[in-house]
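Engineer: Using the hints, position chains B and C against chain A.
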Amino acid sequence: MSKTLIQAQNLTMRFGGVVANKDVSFTVKQDSITALIGPNGAGKTTVFNCVTGFYRATSGTITFSGAGGEVEIGQLLDKPLLGGSHLAARAGVARTFQNIRLFREMSVAENLLVAQHRAVNRNLVAGILGTRAYRRAEATAVENAYHWLRELGLESDANRLAGQLPYGRQRRLEIARAMCTSPRVICLDEPAAGLNPSETADLAELIKRLRSAHGVTVMVIEHDMGLVMNISDHVVVLDHGQVIASGTPNSVAANPAVVAAYLGAPEEVAV
Amino acid sequence: MIMSIQVDRAPIVRATLDALTVFVLALIVLGPISGVVLDGFGFQGHPLRPLALALVVAAGRFLMTAALSTGAGAFFVGRFNAATASSVKIMAPQRALRTPWVLALVALGALVPFLADKYWLSVATLALIYVLLGLGLNIVVGLAGLLDLGFVAFYAVGAYFLAIGAEHFGIGFWSALALAPLLAAICGAVLAFPVLRMHGDYLAIVTLGFGEIIRLVLINAVDVTGGPNGLPAPEPTLLGIEFGRVAKQGGVPLHELLGLGYSPNGKYLFLYGVLFCVVLAAVHVVTRLRVMPLGRTWEALREDEIACRSLGINHVMVKLSAFMLSASFGGLAGVFFATQQGFVSPTSFTFLESVLVLSIVVLGGLGSTVGVVLAAIVLTLLPELLRDFAEFRTLVFGALMVVMMLWRPRGLIRPARPAFSPSRTEVAK
Amino acid sequence: MDLHIAAQQIANGCALGAIYGLIAVGYTMVYGVIRMINFAHGEVYMVSAYMSAIVLSVLTVLGVTSPVLVLLLVLFVTCAITGLFGWVIERVAYRPLRGSTNLAPLISAIGVSLMLQSYVQISQGARDQGVPNLLAGSVQMNIGSGTAQFTYMQLVILLVALSAMAVLTYVIGYTRLGRQCRATQQNRRMASALGVNTDRIISLVFVIGAITAAVGGVLVTLNYGSFNFYMGFVVGVKAFTAAVLGGIGSLPGAIVGGLILGLAEALFAGYVSTDYKDVFAFVALICVLYFKPSGLLGRPEIQKV
Chain A
8 MSKTLIQAQN LTMRFGGVVA NKDVSFTVKQ DSITALIGPN GAGKTTVFNC
58 VTGFYRATSG TITFSGAGGE VEIGQLLDKP LLGGSHLAAR AGVARTFQNI
108 RLFREMSVAE NLLVAQHRAV NRNLVAGILG TRAYRRAEAT AVENAYHWLR
158 ELGLESDANR LAGQLPYGRQ RRLEIARAMC TSPRVICLDE PAAGLNPSET
208 ADLAELIKRL RSAHGVTVMV IEHDMGLVMN ISDHVVVLDH GQVIASGTPN
258 SVAANPAVVA AYLGAPEEVA V
Chain B
26 MIMSIQVDRA PIVRATLDAL TVFVLALIVL GPISGVVLDG FGFQGHPLRP
76 LALALVVAAG RFLMTAALST GAGAFFVGRF NAATASSVKI MAPQRALRTP
126 WVLALVALGA LVPFLADKYW LSVATLALIY VLLGLGLNIV VGLAGLLDLG
176 FVAFYAVGAY FLAIGAEHFG IGFWSALALA PLLAAICGAV LAFPVLRMHG
226 DYLAIVTLGF GEIIRLVLIN AVDVTGGPNG LPAPEPTLLG IEFGRVAKQG
276 GVPLHELLGL GYSPNGKYLF LYGVLFCVVL AAVHVVTRLR VMPLGRTWEA
326 LREDEIACRS LGINHVMVKL SAFMLSASFG GLAGVFFATQ QGFVSPTSFT
376 FLESVLVLSI VVLGGLGSTV GVVLAAIVLT LLPELLRDFA EFRTLVFGAL
426 MVVMMLWRPR GLIRPARPAF SPSRTEVAK
Chain C
533 MDLHIAAQQI ANGCALGAIY GLIAVGYTMV YGVIRMINFA HGEVYMVSAY
583 MSAIVLSVLT VLGVTSPVLV LLLVLFVTCA ITGLFGWVIE RVAYRPLRGS
633 TNLAPLISAI GVSLMLQSYV QISQGARDQG VPNLLAGSVQ MNIGSGTAQF
683 TYMQLVILLV ALSAMAVLTY VIGYTRLGRQ CRATQQNRRM ASALGVNTDR
733 IISLVFVIGA ITAAVGGVLV TLNYGSFNFY MGFVVGVKAF TAAVLGGIGS
783 LPGAIVGGLI LGLAEALFAG YVSTDYKDVF AFVALICVLY FKPSGLLGRP
833 EIQKV
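Chains as they are written, first to last, in the numbering used here: chain A, 8 to 278; chain B, 26 to 454; chain C, 533 to 837.
Only chain A is shown next, with the shape it has when bound in the complex:
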């Protein structure tokens, strides 16, 4: 039986008077590909932001089985001095963004090196003197970066400025960068946005490969139903900030409430 990686319980997110998420609960199993879908404005990215530690949920818990044991994401944010969203990433939650957030004026390789900052030798003196230990750590990081560049077909772009890449490659670079943090789960926020059908098919294969070859759990927000049906093991549907259905792709697709949310239901006319 697959163990639970992320457990969200009664997650509620309030912005002033607006309730973006209300009592959202779901489970993400290890080594699964879970899709979070719903019409625009349903609160999907808000859920992501809570899970990845960018928003502090107003109430509810998000339990994550990290490398160091079980952690509650909200508590990571609450830590007095050293707390913050970076702790979620360090626990093993990586993500990409709806509007690509690359380090545009740095090269592709540098983007991937920044992602490995935890793994390299950060000793200032060692760096300034260029000791052997430092150089070895840097070389390992460069190797790892190239490994991921090859995986995602970006090797030829290694020394180009990230901001000059075409759109599709920028999206892949963002994924490569997230993978360089050696995460347990990667949360992809609308990875297929702006991609043509053939690029989307490549993306589907890539996501499946991330799970099978690299042993990472994947959570995806997507609007492209074809992609969702193709790759997901488990689908969670949000509408107006609440979970209205969850289960296998086929069961969710057949669920009338889901259909109504996307396509609208006929108005009940009082007689």
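These aren't lab readings, by the way, just hints derived from the structure by calculation.
It is possible that part of the hints are untrue.
Cβ-to-Cβ under 10 Å is the rule here; a few derived chain B residues that face chain C [as the list claims (entries may be wrong)]:
1. 74
2. 170
3. 227
These numbers come from a predicted model, not from an experiment.
Every residue gets a Cβ at the ideal spot worked out from N, C-alpha and C, and that includes glycine.
Structural biologist: Okay, now just chains B and C, sitting in the frame of chain A:
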């Protein structure tokens, strides 16, 4: 055919109309202040000044519009737009490209003590001090992208630390060199603390406020800081050898030790020598830092703070490290400045000073070490060469900043990004 | 507790606060439309002070003596020329940089501020300047053990400042132009798509800011009687503090923030120390930005991820 005649005539007409409008505008806007000079409760009229100013501005506008409408003008504008838009930065695959220039600069710097007289030696010393300041500010503004407008505070901390320390705690030149950067770094942390979660403009204003607070405290805490008159600063010593005519710190004057006649240059030559070595070390440190993980995280922070957080980077610590390191450079420079001048006073640490260092960084190239070095040298030499026009200095600086932002917002020299290759143990730069 | 000293400081603080509020309007409106702190705004205020003195001395030479007429003429001419100043600065130094990096407009603004300062210094000399007292006399009040006085000029300041604010609030809140300003402030691209000439609105906002600063400059010159080329800097930072205190982007916030800061500074100067009153203002700025960056009447900005 009619169209082509109109096209030929129109640019000149347009340029003239433009120039006329600009002339009238300039007259109204610039007129009162330059034309009516207040004298007590009355005034003196200087009608020619605004007229001349307006004519110059209008002529410039005329030339600009006329030039732009020609083929050559349009071509240059196109190239200018392309350059600013794409802001291409070339990857330098080998270190070798820069080395000749670097060696030339270093050689030139080493020759200065032998070639220069006392005046130019002090100018060179000042230039090196500004190089140090520029390198420090470059870390926080150029690399980390945080606009620090209060950098002069750390400069003052270093200088006053030497002066106050010498007066009350027996601190000398070398102990100050070692301790001032640490003290300045602590001040950097204290400053960074409130700004850690601020961005852009707010961060700039708060750092400006910090710089001003320091200056006002220096002016008003007369008992400790000597108020507006300042404090004297001790001269440097070397292992008990002093450089003055008479021993003031319990050592032996150099000229007595060597049996030579007293030369007042001794102190300045020594100071220059130490400063030169320190600047070389500083340049090396900064160059290394840029390709180290710390430097990369600074630049990543500048690019996108949210992406940094998503990669597990503690943006608070990164900002803190940038502020502390840059502050320590400022403190170090302050010690040299105090020793060079022989005294410290609040008038050396105004907001204008922060702006001057900012100009160096902005002009030279945000993030480029070579650019900062060159800009520091130029911006120190130029006022000296143009001594006669001293009162226009601030005006020129202001105009320079506006022009630089319009023309090359990222500075004249763009730093090249390091290149990487797989399956090698060395990182090519 | 000397009540009359407190009353005096409150009177001074109100007048001071009215000035801060007027200048803060410029900061807050500009930040509202283009999210930029107009660093040169303090210098525009300083220029208007010089301008008003120039107009005043010219009027004196021309033989105009009626205080009301002089005040109106000085206000009108100064506001007109200063407004033009603001317009020129925006067109030349800020508009071309609108799409540029986020440091560029700020650095350009610093450059403009330096240019204005040195321009005035070179043209007019570095020493303090003065104007004759236009309106002598004051209202004396016996409070507690002593008297507090509220000069006629201070009353004029309050009156003019409050009327200017009232007019501005009306224009922004109830006219078509004001609606366009608010739309541009909330979503520039959408406003432009709907046919609002956002470039012109932004220029207009700069002009309005310059005019309100000019009103402040005139009032300050006539009230305190002296000014110099460096005063724009400190007053600029204080007015910015007021704008942030009230909530940047909010017009009533600028007024409220100005009054609060003016009162606080006057009380501090009266009871603690006059030397350190500028330090007080800077520390207040840092505290406000740290503890409540959205200010009293502003809305907290949620960072979009």
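Engineer: Indicate, hint by hint, whether the structure satisfies it.
Structural biologist: Quick rundown of the hints versus the structure:
1. At its closest, the beta carbon of residue 74 of chain B sits 7 Å from a beta carbon of chain C; the interface hint therefore holds under the 10 Å criterion.
2. Hint status for residue 170 of chain B: holds, given a least beta-carbon distance of 7 Å to chain C, under 10 Å.
3. Hint on residue 227 of chain B holds. Least Cβ distance to chain C is approximately 6 Å, under the 10 Å limit.
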